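Engineer: Each chain is listed here by its residues.
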Amino acid sequence: MPKPANSQRPQASFWRTVQAIMWKDLTSELRHKEIVSAMFIFSLLVVLIFNFSLELDRATRDNVAAGVLWVTFVFAATLGLNRTFAAEKDRDLLDGLLLAPIDRSALFVGKMLSTFIFIIIVESIVVPLFSLLYNMSLFTPLLLVVLVLGTLGYTVVGTLLAAIAIHTRSREIMLPILLFPVAVPVIIASVQASAGILEGNALGNISGPLNLVVVYDIILFAIAIMTFDYLIEE
Amino acid sequence: MQPNQHLRILTISSMLMLVLSIYMVFVYAPLEIVMGAVQRVFYYHVASGWIGALAFLITLICSILYLATRNLKWDHVALSSVEIGVVFTSMNIVSGSVWARPIWNTWWTWDPRLTTATIMWLLYAAYLMLRQSLENPQRRRTFAAVYGIVAFVSVPLTFAAIRIWRTIHPVIIGSSDPSAEGNFEMTPPMRNAFFFSLFTFTFLYVTLLWHRIRLEQLTVQVAAMQSRLLNKLST
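Sequences listed follow chains S and F, in order. Going by the working numbering, the first sequence opens with residue 1, and the numbers climb by one from there. Going by the working numbering, the second sequence opens with residue 1, and the numbers climb by one from there.
Careful: at least some of the hints might be erroneous.
Said to hold, decoys possible - A few chain S positions that, by computed beta-carbon distances, are all more than 12 Å from chain F:
(1) Ile-41
(2) Val-47
(3) Leu-54
(4) Phe-130
(5) Ala-202
As the list claims (entries may be wrong) - Interface residues of chain S toward chain F, partial, derived using beta-carbon atoms under 8 Å:
(6) Leu-178
(7) Ile-218
(8) Ile-225
Hints were generated in silico from the structure; no laboratory data involved. Nothing here was measured: the structure is a model prediction, and the numbers come from that model. Positions of the beta carbon are idealized from the N, C-alpha and C atoms, including for glycine.
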């Protein structure tokens, strides 16, 4: 449906743009099932490797479950983040997206949310499997909140750095090198909060790390929104 | 570019100050009674840590200025400052390790301060790697500036994240954690030696930064001359 290239045409509203970009990514993923399936199989492999390398017997399991879970998700999410801008880059579609009269930060939010949804889908399959395989219940509402908040922070900064890494010479290698040190605070805080919850602590005892996750989410989101324009204009 | 007279004076005086500070650290400052000679690591350890933090702060400021003004000189300062900062942070970590071996009885421990310093080192090593792997110079400058901002913000957050553990790192200036090991009171000569090494290192940082910025400007000039020559040869 061709539209006149009229400068008076109003800019699409922020949320409609976000929705459109998310919809595009989700449809494409629904057809190819590339990212989610790769992340899922990879997560299972990581869990398996941890099982053999750590000899997860009953006592150890209780101590390291939170760490194993987060390392699994961080590694799997890095795979997904590497693909965030890959389709656009490989087929030169980014220019097309930039020609559209849309807010650049809407592009960021749309991309970030679609990756976030992919990671959450993988987590919602891996968490029950993890509970089943290790015979421990992870279904406390508080743990799910921590999972969502921690994943959000990781995805926010991951999407920003993926936009950088995609242009580097060895992009798949650069992303983890750029991302892991920046994401260290959210990973540490998420692991601490999760471990606290699994030990059966109340909300009051884990409020420190939980607050830090929220603070991290907000600060990194603000920085990402402010700097994403510069990355995409190049 | 002509040799700069001011820079030469700065270089010579920072060399003299370094010699004087070595004298102050090893001869003028008295021997610490509990820890012995290894305590002398302290003077340069703190000074190099301070320069690391200062250098990365300068990078943050220059990265913001570069994005705002697109003036090349801010990018030169940001890059130069990261390189110097990484060197001084390495010195800080290694000298701390040398001190920790006899005092804490271990080369390394996952203490908040030590962990934060390591993460900071990794962040700026990644910054340098990022610059290496981007070919387009315009894009390299912009992306590095964005990473310079993101990296600096995550440093205090890392410190907050691991501060929940108790620290055994001593705090000489200000109040120390009661569980810290290796504390001592500074006597006035120690204090003089300490502040003089801080001053010397800051002076040294400015000198090195100036040299490094000049080098970067010369690199840009050489590249411009090369392309002009190639143009002339091809016509």
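Engineer: So, against the hints stated earlier in the document, which numbers end up violated here?
Structural biologist: Result: hints 7 and 8 break, sorted rising.
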